[in-house]
Amino acid sequence: MTNEADSSALHKIDLMIMGAGPAGARAALRAKASGLRVVLVDENNDAGGQVWRPLPDGFSRLSGVASSAEARDGDALRLELRKAGVVCLFGHKVWNIGSDLRTDVISPEGSVSWLPSALLVATGTTERVIPFTGWTAPGVMGLAAATILLKSQNMLPGRSTLVAGNGPLLLAVANGILKAGGQVAAVIDLASRTDWMLTLPALKARPDLLWQGLRWQANLRLAGVPVLYRHGIDSVVSTPQGFDAHVKPVDSSGAPLSGAARVFSVDCVTVGHGLVPGTDVTRLLRARHRYAAESGGWIAESDEMGRTSVKGLYVAGDGAGVAGAAAAGAHGELAALACANDLGRISTEHYSRERTALLSQRRKPALFGRAMAGLMALREGAVAAIKPETIVCRCEDVTRAEIDAAVHEGARDLNQLKAWTRCGMGPCQGRTCSDVAGALLAIHVGSREDVGCFTGRAPLRPVSLAEVAGQYTYADIPIPKAAPL
Amino acid sequence: MTNSSSGSKMSMRVDKAVHRGQALQFTVDDQAVAAFAGESVAAALFAAGQRELRESPRDSSPRGMFCMMGSCQECLVWVGLRQVPACQIPVTEGLAVQTLTFRRQHLD
Amino acid sequence: MTASAKALESGKDYDTLVIGGGVMGCSTALHLARAGMQVALVDRGALCREASGVNAGTLTLHMTRASLVPYAMRAWQMWMDAENWLGMDVLAKQAPGLTLAFTQDECELLTLRANARREQGAPIEIISPERARQIEPGLHPGLLMAGYCEIDGYASAYLTGRAMTHALRNAGVDIFENSAVESIDSGDCGHIANFDGKQAPLRGRRIVLAGGVWIENMLAMLGVQIPIKVLINQLIITERIRPVMRSVLSVANGLLSLKQFANGTVLIGGGWQGDGNRDQGGIESRPQNLVGNMRLAAYAVPALAEARVARVWLGLEAETADAMPIIGDVPGVANAYVVGSAHSGYTSGPFMGRIMAQHILCQPTDLPIFNPARLLGMPMPVA
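Residue numbers (our numbering), protein chains in the order written: chain A, 1 to 485; chain B, 486 to 593; chain C, 594 to 976.
Just so you know, the hints here were simulated from the structure itself, not pulled from any lab data.
Heads up, some of the hints might be wrong.
To be verified - List of simulated lysine to aspartate or glutamate pairs, DMTMM-like, C-alpha gap at most 25 Å:
1. Lys686(C) with Asp397(A)
2. Lys179(A) with Asp500(B)
3. Lys481(A) with Asp674(C)
4. Lys481(A) with Asp698(C)
5. Lys481(A) with Glu701(C)
6. Lys481(A) with Asp915(C)
7. Lys387(A) with Asp544(B)
8. Lys501(B) with Asp75(A)
9. Lys791(C) with Asp413(A)
10. Lys481(A) with Asp868(C)
11. Lys311(A) with Glu699(C)
12. Lys791(C) with Glu449(A)
13. Lys12(A) with Asp868(C)
14. Lys686(C) with Asp674(C)
15. Lys791(C) with Asp397(A)
16. Lys311(A) with Asp342(A)
17. Lys387(A) with Asp500(B)
With these hints in hand, go ahead and build the complete structure from the sequences.
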């Protein structure tokens, strides 16, 4: 399905990698080393993804100040990419991909198309936030957003911040705020101490991270930060000073228990209920998907090396199923190795040897990562507790009540729910709401599989008509045959 | 639209570990805002105490930055002739940003 | 088991089975039920989720085939009255319709097409660019001529399913969704529709095939070969933007449809083709057609250039060999009917369903129907 008119403008390469986080960047390095013509593309200004987020252009690290392990790892990866001479398209937006893997990219100069023989999707995850009353107020943000403010923009999210949700990011963000000189009003965790204890065996696979976690807990104790396990946000009320966050005890499913709420007066609330693999690209390309709650939600079906049901399409990293940053790197290399093999560019012996080594390399980090993913899994009681008047689809102001009404009338899958309520029709195209909306539907319909996913369509990110159309005159418009009279 | 809490506008910035880009000024709805080169418009505004950036489409409830990574489309502002997420725009000297409300009020 | 033997099984005997729950099938079922028939409406998915739910919702005479203008005009009225006869509206709104010409060739084409439609009763006027800009200030300055029609407008197609579901339930139609017909046994007593999956066979004295692009498959189940071409139509929707237009726009060559809804989103259509097929649906857009469609839209209304596209999708539209509807008796099969393949089928859908029902009820039809037998042996034109 090549486009003859524009084929001269198509850049032909072996492998296009979307996402320059740990998985994508390591994949690019291995692909280049294997002799593949590879291009690495990322919307961000440099490599590192979310976990090793780069500093903004023009910022630099102060010498003489000890940087965190993350900063060091991220800087090392970025340096390695530059040294290896990997072709990187930073600040570029992929907006469409054809079934032949033709990849359309918006750059500052306009839309450019690449034609790779293979495509590796390493675009990571989005953050799940289970709606609560007041969650749409400015000043309420995701844990990932707070992380970006702290680590990349080097700003505090607030003077006194409530950190809430579930998963390991809670501790990371709370400590980040303390380290930056801010106050943490409390850490509100849906998980129990026992939930955390149960991850200990897996945590032993990464003693460095286990040690870090313990230090973080100690920091919070020293700073007098209350940590409320088995608690969740019931509502956030805006006040002249910021917010009053009402917090209630919950059961193991995340459902609120009866009892008085504790109120924390803060000027910022940062909340996150886990990570959801991004399947925009794999859905667009009609790969087969399966629902895997322990991996964060829907994921493309893939083998251990990242091959999907679509020939030439590979996935790696958290986007293929949450397993953590360390496992992501090895996963990316496995996918690059698979690609090199599938393109016939390496010997069977090399493939076999490297495959064994990388699978072994990935095993322990993946154990740790999956344990963390377990802590981040969606808690159905928290979803069921969403109040009727609470917004579920932020883009279109669709409430829980409207979703329930549609289900009551007979809406049975996510796409039908969309047609009946506009949930998922806004500019984010369901990235923010689809996991929660799917969980809400499943309460009535029975299973996430029956509820399905939103149909994947272009564009992958909103693009203006001008960005796609470029410069043209009326005569440039390729008018096909006129409609019948 | 500003709803800053008390305290200096620059105090949300943490300079312990980094050297920021060049100090500069950009405008939002014709009002000057101090920032540093490379910061995103969303972050710079957040630090300046301006968190509300627009209104939601049906309920007209206040909205602002939420995900900081260009996914949620909540922090939409106008730069020149284009509507873009503020978290995806690095500030530059003299950059003119308009909120949607301001733009609607000032267009014929 | 023979058809008559199967008929001995217990279960409801319907007066009519309608296979296909798009706007034509739904309208047919609704009119039959309101006339007193026991009707079963069947769809392999949910109602109005194929062409009827994903089209541009344009209710225009400019783009309707000239000879179908009288049908479209009556259907237009039905859409505007939707709240009354349907009970729930699909946000159908009247808006002035302008068809635009930017080159001399297009001016000639525009005049030709406007005349043909005027002859059929469409109140289309040729107007100057100045007058066009009074109606629609945001038009491209290079406009040479426009066709104007006040009987124009749009609906939100995606709302159709919910509205139809309500009306059909209230009319006592039994709706069988997520039930794919696998085969049809036809005999003297009527028809039996057999399903794959859990749904038990349904019996009806009459059967109506209203399956859009799948009419070809359905006719084949009755042993009738009539090819139906599948058009893969591209649609583009923007995010909500400030008001930039108030009319429904098209271009003389028929290749643009453009409207801005009350919620601020702008829907761009025009029948630019994507890739897909009957079995897999619309798979993907063709790059040059995506660019072309966007360029044409941004040319017609320059303010659209900076609008951001939220989504591009594809809908399947049916077309017969002579590009005219197929509405009437299935050739050679007793008590079997077929309705579909009207260009701009969404626009005229409610009315086509009405005349199909009238025909089935042995009443005179408000306007002539379109004998399917004419299509037997008619070759599909080469693209």
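Tested hints:
1. Lys686(C) with Asp397(A): holds, 23 Å
2. Lys179(A) with Asp500(B): holds, 12 Å
3. Lys481(A) with Asp674(C): Violated. Lys481(A) to Asp674(C) sits at ~35 Å, over the 25 Å cutoff.
4. Lys481(A) with Asp698(C): holds, 14 Å
5. Lys481(A) with Glu701(C): Holds: Lys481(A) and Glu701(C) sit about 16 Å apart, inside 25 Å.
6. Lys481(A) with Asp915(C): holds, 16 Å
7. Lys387(A) with Asp544(B): Holds, because 17 Å separates the two Cα atoms, which is no more than 25 Å.
8. Lys501(B) with Asp75(A): holds, 18 Å
9. Lys791(C) with Asp413(A): Holds, at about 18 Å.
10. Lys481(A) with Asp868(C): holds, 16 Å
11. Lys311(A) with Glu699(C): violated, 45 Å
12. Lys791(C) with Glu449(A): holds, 18 Å
13. Lys12(A) with Asp868(C): With Cα atoms ~22 Å apart, Lys12(A) and Asp868(C) stay inside 25 Å; holds.
14. Lys686(C) with Asp674(C): OK: Lys686(C) and Asp674(C) at ~10 Å, within 25 Å.
15. Lys791(C) with Asp397(A): Given that 25 Å is the threshold and the Cα spacing comes to 37 Å, the pair is violated.
16. Lys311(A) with Asp342(A): holds, 10 Å
17. Lys387(A) with Asp500(B): Judged against 25 Å, a Cα distance of about 41 Å means the pair is violated.
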